[in-house]
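Colleague: The hints should help you fit chain B onto chain A, whose structure is shown.
Going line by line, the protein sequences match chains A and B.
Each residue of the first sequence is one higher than the one before, starting from 56 at the first, in this note's numbering.
Each residue of the second sequence is one higher than the one before, starting from 32 at the first, in this note's numbering.
Source of the hints: derived by calculation from the structure; they are not laboratory data.
Among the hints, erroneous ones may be present.
Claimed, not checked - Once the Cα atoms are required to be at most 25 Å apart in a straight line, the calculated BS3-like pairs of lysine-lysine come out as:
1. A/Lys105 to B/Lys145
2. B/Lys72 to B/Lys51
3. B/Lys173 to A/Lys90
4. B/Lys79 to A/Lys105
5. A/Lys90 to B/Lys145
6. A/Lys90 to B/Lys79
7. A/Lys105 to B/Lys72
8. B/Lys173 to A/Lys105
9. B/Lys81 to A/Lys105
10. B/Lys223 to B/Lys50
As the list claims (entries may be wrong) - Listing some non-contacts, in silico: residues in chain A with all C-beta distances to chain B over 10 Å:
11. Ser68
12. Leu69
13. Pro72
14. Leu73
15. Leu76
16. Leu79
17. Val80
What the hints assert, rightly or not - To give an idea of the chain B side of the interface with chain A (calculated C-beta under 8 Å), a few residues:
18. Leu88
19. Ile133
20. Leu136
21. Tyr169
For each residue, glycine too, the CB sits at the ideal point set by N, CA and C.
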Amino acid sequence: MDIFGNTNIPFLSLIRPLFLLALLVYVAFGFIVIKQVRLMSNTLEIGLEKAIEVTAYVHMFLVIFVFVLSLLLF
Amino acid sequence: MKDIYVSGEEKKGKEVVLKKRKRQKERLDTNPLHSFRYHPKDAEFIHKDKEEEIVLLLRQHPITNLGWIALTFFLLLLPGFLTAMSFYEALSLEHKIISLFIWYLFVFTYAFEKFLGWFFSVNIITDVRLFDVDFHNYVYRKITDANIDQIQDVTVEGIGGLRAAFNYGDIRIQTAAGVPEIEFEAVPYPDKAAKILRELRTREDVSGFARGRKI
Chain A
56 MDIFGNTNIP FLSLIRPLFL LALLVYVAFG FIVIKQVRLM SNTLEIGLEK AIEVTAYVHM
116 FLVIFVFVLS LLLF
Chain B
32 MKDIYVSGEE KKGKEVVLKK RKRQKERLDT NPLHSFRYHP KDAEFIHKDK EEEIVLLLRQ
92 HPITNLGWIA LTFFLLLLPG FLTAMSFYEA LSLEHKIISL FIWYLFVFTY AFEKFLGWFF
152 SVNIITDVRL FDVDFHNYVY RKITDANIDQ IQDVTVEGIG GLRAAFNYGD IRIQTAAGVP
212 EIEFEAVPYP DKAAKILREL RTREDVSGFA RGRKI
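One chain only, chain A, in its complex shape (with noise of 0.2 Å):
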């Protein structure tokens, strides 16, 4: 059955707004993950701290990246 088959709204319009809501959900995601990598790093100091602590802000980074890139191109 096409339950989009009998309106005008399309199917990516209804589909954006959640996507994007999922993404920033994602991002928030990326702060937490800096966030307990930082509180493990200061429970723990074993070294690659810092490595660490670099690869979580990348994270970060390429969240907020994809966010952007979905916002200008879905």
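Modeller: Chain B only, in chain A's frame:
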């Protein structure tokens, strides 16, 4: 029997072996990725006393990472197979780009979480206590500690062919502390670790007795 005469070449050979052993030991102590670090240099943890000395730092054997590393490689290769499918061809170029970015981001997040889970889940044995840190995922971590003199029983378990082949296993420590059992999971050389723990317990018992605690 001690040698009365040692030739120059033999001396040189012994020196080379000793230097090699020293280098190996230093590598064990300073490599942050090593799973069995005896008297690790520059290692610290929260609420560590000034006089407290870390005797052993353990984490799961590197072979336990094999599963998630293999899965990560599979997930990295998966889009290559998907592109051959018809529904993927129906997507516009923009959607293809975004879906690929999101896919690789998920894979990165997954692999990073697994690595952190392995790296930060450590068991620390100091000269006065045990410190067990479990990093389950990005939002859940657990820290347990117990004094050495509260240890009641130490059990070493090594079940399975892989564990026997790579010499790793579990150490279960029964304590009289609030947490009745602390478990060191899949740690390398469990017998060596248990032996170190036993020696520390004996030392603690003797010093406790000397201080008059056991009277």
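Colleague: Hey, is A/Val80 genuinely clear of chain B, shortest beta carbon separation above 10 Å?
Modeller: 13 Å, holds
Colleague: So if I understand the rule, the pair passes when the alpha-carbon distance is 25 Å or less; does B/Lys81 with A/Lys105 pass?
Modeller: 24 Å, holds
Colleague: Holds or violated: B/Lys173 and A/Lys105, Cα atoms, limit 25 Å.
Modeller: Given pair B/Lys173, A/Lys105 holds - Cα atoms ~22 Å apart, limit 25 Å.
Colleague: Double-check B/Leu88 for me: the hint is only fine if its C-beta lies closer than 8 Å to a C-beta in chain A.
Modeller: 7 Å, holds
Colleague: Please confirm whether A/Pro72 is truly not at the interface, meaning its C-beta sits more than 10 Å away from all C-beta atoms of chain B.
Modeller: A/Pro72 clear of chain B: closest Cβ-Cβ about 15 Å, beyond 10 Å.
Colleague: Quickly compare the C-alpha distance for B/Lys173 and A/Lys90 to 25 Å and report which way the hint goes.
Modeller: 16 Å, holds
Colleague: Is the nearest Cβ of chain B still more than 10 Å from the Cβ of A/Leu79?
Modeller: 13 Å, holds
Colleague: Are the Cα atoms of A/Lys90 and B/Lys79 separated by 25 Å or less?
Modeller: 22 Å, holds
Colleague: Is the Cβ of A/Leu69 more than 10 Å away from each Cβ in chain B?
Modeller: 15 Å, holds
Colleague: Hinted pair, alpha-carbon criterion (25 Å max): A/Lys105, B/Lys72. Please report holds or violated.
Modeller: The hint holds at about 17 Å.
Colleague: With chain A as the partner, please determine if B/Tyr169 meets the hint condition of a C-beta pair closer than 8 Å.
Modeller: 5 Å, holds
Colleague: Are all beta-carbon distances from A/Leu73 to chain B longer than 10 Å?
Modeller: Nearest chain B Cβ is 14 Å from A/Leu73, so the label holds.
Consistency note: the structure conflicts with none of the earlier hints.
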